[in-house]
Amino acid sequence: MSSPSSSGGSGNRSFPPPILLKIFNIIFTLVLTLLGLTAVTFIIGRVMPVDPVVAIVGDRASKEVYDAMFLELGLDKSILEQYFIFLKKTLHGDFGKSIGTARPVLDDLLHFFPATLELATIATFLGILFGVPMGVIAAVKQGKWIDHVVRVIGLFGYSVPIFWLALVGLLVFYARLEWLPGPGRIEVYYDGIVDPITGVILIDSAWQGEWEVFENAFSHLILPSLMLATFALAYIARMTRSFMLDQLSQEYVLTARVKGLSELSVIWRHAFRNVLVQLITIIGLTYASLLEGSVLTETVFSWPGIGQYITSSLFNADMNAVIGGTVVVGICFVGINMISDFLYKMVDPRTR
Amino acid sequence: MNLGLKKKFKKIALFAGIAFAVSQLGPVVNSVQAATPKNTLVIAKNISDIITLDPAEVFEFTAGELIANIYDRVMMFEPENLTKLVGGVAESYSISADGKTVTLKIRPGQKFHSGNPVSAEDVVYSLQRVIHLNKTPVFIFTQFGWSKENVSEVIKLVDSSTVELTIKSDLSAAILLNSLQAGIGSVVDKKLVMSHEKDGDMGYDWLKNHSAGSGAFSLKVWKANELVTLEANPDYRHGAPKLKRLVMQHVAEASAQRLLLEKGDIDIARNLPPDQAAGLKGNSDIAVDFFPKATLVYLAANREDKFVGHPKVQEALRYLVDYEGMTSSFLKGQYKIHQAFWPSGLWGSLEDTPFSLNVAKAKALLAEAGYADGFKVSIDTLTRDPFGQIAQSIQQTLGQAGIEAEIILSEGKTLWPKYRARKHQLIVAIWGPDYVDPHSNADSFAHNPDNRFESKLTGKLAWRNAWSDAAVNKMTEQASAEVDVSKRTEIYLALQKSLQQDSPFSVLFQENELTARRANVKGLVSGANFDLVFYRNTSK
Numbered sequence: 001m002s003s004p005s006s007s008g009g010s011g012n013r014s015f016p017p018p019i020l021l022k023i024f025n026i027i028f029t030l031v032l033t034l035l036g037l038t039a040v041t042f043i044i045g046r047v048m049p050v051d052p053v054v055a056i057v058g059d060r061a062s063k064e065v066y067d068a069m070f071l072e073l074g075l076d077k078s079i080l081e082q083y084f085i086f087l088k089k090t091l092h093g094d095f096g097k098s099i100g101t102a103r104p105v106l107d108d109l110l111h112f113f114p115a116t117l118e119l120a121t122i123a124t125f126l127g128i129l130f131g132v133p134m135g136v137i138a139a140v141k142q143g144k145w146i147d148h149v150v151r152v153i154g155l156f157g158y159s160v161p162i163f164w165l166a167l168v169g170l171l172v173f174y175a176r177l178e179w180l181p182g183p184g185r186i187e188v189y190y191d192g193i194v195d196p197i198t199g200v201i202l203i204d205s206a207w208q209g210e211w212e213v214f215e216n217a218f219s220h221l222i223l224p225s226l227m228l229a230t231f232a233l234a235y236i237a238r239m240t241r242s243f244m245l246d247q248l249s250q251e252y253v254l255t256a257r258v259k260g261l262s263e264l265s266v267i268w269r270h271a272f273r274n275v276l277v278q279l280i281t282i283i284g285l286t287y288a289s290l291l292e293g294s295v296l297t298e299t300v301f302s303w304p305g306i307g308q309y310i311t312s313s314l315f316n317a318d319m320n321a322v323i324g325g326t327v328v329v330g331i332c333f334v335g336i337n338m339i340s341d342f343l344y345k346m347v348d349p350r351t352r
Numbered sequence: 001m002n003l004g005l006k007k008k009f010k011k012i013a014l015f016a017g018i019a020f021a022v023s024q025l026g027p028v029v030n031s032v033q034a035a036t037p038k039n040t041l042v043i044a045k046n047i048s049d050i051i052t053l054d055p056a057e058v059f060e061f062t063a064g065e066l067i068a069n070i071y072d073r074v075m076m077f078e079p080e081n082l083t084k085l086v087g088g089v090a091e092s093y094s095i096s097a098d099g100k101t102v103t104l105k106i107r108p109g110q111k112f113h114s115g116n117p118v119s120a121e122d123v124v125y126s127l128q129r130v131i132h133l134n135k136t137p138v139f140i141f142t143q144f145g146w147s148k149e150n151v152s153e154v155i156k157l158v159d160s161s162t163v164e165l166t167i168k169s170d171l172s173a174a175i176l177l178n179s180l181q182a183g184i185g186s187v188v189d190k191k192l193v194m195s196h197e198k199d200g201d202m203g204y205d206w207l208k209n210h211s212a213g214s215g216a217f218s219l220k221v222w223k224a225n226e227l228v229t230l231e232a233n234p235d236y237r238h239g240a241p242k243l244k245r246l247v248m249q250h251v252a253e254a255s256a257q258r259l260l261l262e263k264g265d266i267d268i269a270r271n272l273p274p275d276q277a278a279g280l281k282g283n284s285d286i287a288v289d290f291f292p293k294a295t296l297v298y299l300a301a302n303r304e305d306k307f308v309g310h311p312k313v314q315e316a317l318r319y320l321v322d323y324e325g326m327t328s329s330f331l332k333g334q335y336k337i338h339q340a341f342w343p344s345g346l347w348g349s350l351e352d353t354p355f356s357l358n359v360a361k362a363k364a365l366l367a368e369a370g371y372a373d374g375f376k377v378s379i380d381t382l383t384r385d386p387f388g389q390i391a392q393s394i395q396q397t398l399g400q401a402g403i404e405a406e407i408i409l410s411e412g413k414t415l416w417p418k419y420r421a422r423k424h425q426l427i428v429a430i431w432g433p434d435y436v437d438p439h440s441n442a443d444s445f446a447h448n449p450d451n452r453f454e455s456k457l458t459g460k461l462a463w464r465n466a467w468s469d470a471a472v473n474k475m476t477e478q479a480s481a482e483v484d485v486s487k488r489t490e491i492y493l494a495l496q497k498s499l500q501q502d503s504p505f506s507v508l509f510q511e512n513e514l515t516a517r518r519a520n521v522k523g524l525v526s527g528a529n530f531d532l533v534f535y536r537n538t539s540k
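Order-wise, the sequence lines are chains A and B.
Mapping of the first sequence onto the working numbering: position 68 corresponds to residue 68, and the numbering continues sequentially without gaps.
Mapping of the second sequence onto the working numbering: position 83 corresponds to residue 83, and the numbering continues sequentially without gaps.
It is worth saying that the hints were derived from the structure and are not from the lab.
Among the clues, some could well be false.
Stated by the list, open to error - Calculated cross-link-like contacts (lysine to aspartate or glutamate; reagent style EDC-like; alpha-carbon spacing at most 20 angstroms):
1. B:K306 with B:E262
2. A:K97 with B:E454
3. B:K376 with B:E304
4. B:K456 with A:E64
5. B:K38 with A:D76
6. A:K97 with B:D199
7. B:K220 with A:D191
8. B:K223 with A:D204
9. A:K63 with B:E454
10. B:K456 with A:D341
11. B:K100 with B:E164
12. B:K148 with A:D67
Said to hold, decoys possible - Label-pair ranges, simulated between beta-carbon atoms:
13. A:T198 with B:G115: 31 to 39 angstroms
14. A:P161 with B:D170: 31 to 39 angstroms
15. B:G399 with A:E178: 45 to 53 angstroms
16. B:D285 with A:H92: 51 to 59 angstroms
17. B:D201 with A:H92: 19 to 27 angstroms
Said to hold, decoys possible - Listed next, the stretches of chain A that the computed footprint assigns to chain B, with coverage defined by at least 3 CB atoms under 8 angstroms from CB atoms of chain B:
18. 52 to 63
19. 173 to 183
20. 296 to 307
The structure presented is a predicted model; accordingly, all values stated were derived computationally and were not measured.
C-beta: ideal position from N, C-alpha, C; glycine also.
Let's have the full structure, built from the sequences with the hints guiding it.
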């Protein structure tokens with residue numbers, strides 16, 4: 001018979017310590033995810049009916065040139081062998097060279113990812129800032145005009161193609177009203193003034209005191225981030241509303257009201273706190289999807305981000321770049337998941 | 001004022017206040033520059049096709065035009081006269097009596113952007129480098145019998161200002177001189193390039209995104225999928241370019257290019273389809289130019305195919321295309337009818353257009369071939385406009401003769417491997433010459449000395465369509481060995497006629513490239529071949 005104390009109850013003193021276990025867990029998840037991701041991407045890349053050799057040498061290359069490139073890419077080896085060679089190189093921090101940019105893939109990722117990060121972070125932030133209160137208010141005023149407005153906005157933001165919205169945004173704010181600049185991350189004449197330290201232009205320019213560049217970059221960011229934010233906002237508002245409706249119909253809310261608590265306190269301190277966990281999940285997913293999936297917005301705004309990079313690399317059969325990009329997106333997903341996990345524990349003691 | 005009214009008034013005042021604040025926000029965040037800087041030419045273009053800027057490797061449209069502005073070539077076309085081949089880095093040349101040796105005299109006093117003098121040694125190095133690196137365009141040189149083994153003997157330094165080139169194949173010196181005008185004829189700065197050599201790569205890794213030329217511009221930066229910046233070379237031998245800087249900005253979306261042009265944030269838009277350009281009509285700030293290009297759109301039929309491989313069927317196909325219908329509708333302005341393999345506007349081109357839609361005649365030819373009831377076939381083509389539309393039109397006219405066609409749209413990366421493996425039936429594709437000499441196209445459309453699959457002459461269109469004709473091969477070889485221009489022209493005309501009558505090819509259209517610019521931009525030069533675009537005389 002085992003007593004409660006001997007059955008491992010003294011968690012504080014167990015070996016290995018839980019923090020190490022947790023770190024091990026995180027690393028294990030990350031490694032497993034990345035292994036799976038690279039393996040699948042690698043195999044898809046090799047079985048696609050696209051010829052990576054032709055992608056490099058073009059369609060007019062002679063047999064000799066073709067064969068030389070075929071060997072250079074190591075395509076004469078088996079897929080398994082190629083994959084192991086790739087893994088070995090990756091472990092040394094070498095993702096290979098991109099066909100499309102003639103640069104090491106790692107350099108490309110460090111260049112393109114911050115552009116997307118900048119955009120997606122601001123969009124998600126705006127989405128939370130406006131989406132959460134909108135959703136809460138809509139739920140509280142269910143059936144009133146404000147609820148209808150929020151629902152229409154939600155439907156609009158979620159169903160209108162972002163591609164179209166971006167073009168209309170350009171047409172109105174850039175072409176007609178002339179309030180905002182056109183496509184691009186920065187005016188071409190400002191290019192190269194700021195040294196890329198973090199890759200996030202706003203931070204780099206502020207750091208180096210180039211306020212003119214900062215202002216220009218900031219004004220370029222407004223429109224695309226607003227467009228992306230509509231998507232984030234719509235989704236977050238819709239989900240917040242439905243989570244809140246669910247909570248507001250619970251008995252504890254009724255009890256709180258009967259106890260005579262103020263409406264504000266009922267809504268924000270009781271009902272809202274209970275939707276936080278679900279909300280964090282939704283926000284995490286939205287952020288992750290903006291990080292990897294803003295290809296169309298990036299295309300319309302000529303934004304040199306990771307979405308455009310992965311897409312154009314796919315079209316170019318540039319598998320080194322595609323795998324590199326996939327790994328970054330994978331790390332983002334795992335990272336955001338971990339942050340969400342951590343936040344759950346902060347807001348909900350039951351999950352600790 | 002009663003309370004209700006007061007509340008309403010407050011609300012209205014609040015809305016007015018917000019509206020005012022928003023309207024004031026505009027100018028605050030407004031950092032839109034009304035026009036591009038005076039000394040900089042800003043061009044919007046889809047530049048995702050650039051994969052290298054090393055002249056020994058460049059074979060893509062955008063990069064081809066960029067290196068034409070960065071490097072002087074051994075022989076050149078100058079923007080002042082796009083039809084006259086003149087010496088570039090070479091000041092003059094002479095051809096030996098047997099026509100097999102070309103001696104180049106290097107123009108004295110030229111300097112690279114680095115300040116190094118341009119010498120005969122650089123010319124020898126640049127040409128030999130093409131052979132050693134063995135990249136896609138190398139075939140333009142290897143056709144002269146040049147190889148890694150004999151390169152030091154066929155490309156020889158005679159003295160500090162003389163280079164001797166020896167032809168080891170049957171090709172004439174005339175073709176060699178025309179080949180030296182191609183991108184691989186660019187002269188690179190040996191000293192500079194070799195200072196960046198790694199593991200014996202002849203600076204290949206470095207030159208992909210740097211420049212080492214003596215042309216009108218030097219490369220400042222290439223950021224893939226973002227921009228390319230060129231800087232004027234103030235010491236250029238024809239004088240400094242009119243503008244200090246050239247920025248080619250990557251804008252993939254045509255409608256975004258149009259907006260930028262209308263707002264004056266760019267000077268030139270290079271990828272506007274006709275519908276976008278039509279929207280610019282009536283805008284006096286913008287002008288639209290059409291430049292005739294050497295790019296051809298053709299329909300080809302695989303000779304190995306059971307149905308479309310029949311010569312009579314291939315003849316019938318030429319009568320089953322609605323040439324007029326297409327050029328008067330969706331191709332209007334952008335393409336014109338051209339039916340021979342060497343584009344019009346260049347010497348030696350056959351201007352006849354004997355074919356038009358004639359279903360009755362086609363049906364008779366099909367019956368002769370034994371396919372009076374038609375058959376099923378697939379048409380491969382590219383996803384981008386206007387290829388899908390062309391294929392649809394052909395699908396419809398084929399249907400009138402009882403041929404049921406299925407269209408397969410693919411990206412080039414998928415389509416070319418299929419084409420190079422002879423796995424197509426019908427294909428609608430595009431072709432532009434590699435250098436300005438009819439041999440460039442004749443060699444691909446007409447010449448196929450070994451039709452076996454194992455010979456893998458994949459660069460040749462005749463081979464890809466499994467077609468080889470002994471008489472046609474002979475004519476092509478004759479033309480390429482001939483030195484006399486009028487005799488060559490005669491043979492090429494006959495050759496084009498012959499291919500119109502019997503070959504797997506129906507050449508359909510020739511491109512007119514649309515370029516939209518701000519009205520104040522002057523002096524843009526765009527010649528027939530893809531890399532004959534010059535910016536040094538452009539001003540604004």
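Right, here's what the structure says about each hint:
1. Taking the CA atoms of K306 (chain B) and E262 (chain B), the gap is near 53 angstroms; set against the 20 angstroms cutoff, the hint is violated.
2. Our distance criterion of 20 angstroms between C-alpha atoms is broken by K97 (chain A) and E454 (chain B), whose separation comes to about 32 angstroms.
3. At roughly 15 angstroms between alpha-carbon atoms, K376 (chain B) and E304 (chain B) fall within 20 angstroms of each other, so this suggested pair holds.
4. Distance restraint check for K456 (chain B) and E64 (chain A): the Cα-Cα separation of roughly 10 angstroms lies within the 20 angstroms cut-off, and the hinted pair is therefore satisfied.
5. Taken as a hint, the K38 (chain B) and D76 (chain A) pair is broken in the structure, with Cα atoms around 53 angstroms apart against an allowance of 20 angstroms.
6. With a CA separation close to 16 angstroms, the supplied pair K97 (chain A) and D199 (chain B) stays within the 20 angstroms bound.
7. Using a Cα cut-off of 20 angstroms, the hinted pair K220 (chain B) and D191 (chain A) holds, with the two alpha carbons roughly 11 angstroms apart.
8. Of the supplied pair hints, the one linking K223 (chain B) and D204 (chain A) holds, its CA atoms being roughly 18 angstroms apart against a limit of 20 angstroms.
9. Proximity of K63 (chain A) to E454 (chain B) is assessed by CA-CA distance (about 10 angstroms); at most 20 angstroms being required, the pair is judged to hold.
10. For the suggested pair K456 (chain B) and D341 (chain A), the alpha carbons sit about 58 angstroms apart, so the restraint of at most 20 angstroms is broken.
11. Taking the CA atoms of K100 (chain B) and E164 (chain B), the gap is about 10 angstroms. The hint holds against a cut of 20 angstroms.
12. Proximity of K148 (chain B) to D67 (chain A) is assessed by CA-CA distance (about 16 angstroms); at most 20 angstroms being required, the pair is judged to hold.
13. The given range of 31 to 39 angstroms is respected by T198 (chain A) and G115 (chain B), whose C-beta atoms sit roughly 36 angstroms from each other.
14. P161 (chain A) and D170 (chain B) have their C-beta atoms about 59 angstroms apart, which leaves the hinted 31 to 39 angstroms range violated.
15. Take G399 (chain B) and E178 (chain A): their Cβ atoms lie about 51 angstroms apart, and the range 45 to 53 angstroms holds.
16. Roughly 55 angstroms separates the CB atoms of D285 (chain B) and H92 (chain A), a value that falls within the hinted 51 to 59 angstroms.
17. At about 20 angstroms, the CB distance of D201 (chain B) to H92 (chain A) agrees with the hint of 19 to 27 angstroms.
18. Residue count for the stretch 52 to 63 of chain A with a Cβ under 8 angstroms from a Cβ of chain B: 10. That meets the three needed, and the coverage hint holds.
19. Coverage of a stretch by a chain is defined here by at least three residues with a beta carbon nearer than 8 angstroms to that chain's beta carbons; for the stretch 173 to 183 of chain A and chain B the count is 9, and the condition holds.
20. Requiring three or more residues with a Cβ within less than 8 angstroms of a Cβ of chain B, the coverage given for the stretch 296 to 307 of chain A holds, as 5 such residues are present.
Going through the hint list in order, the structure does not satisfy hints 1, 2, 5, 10, 14.
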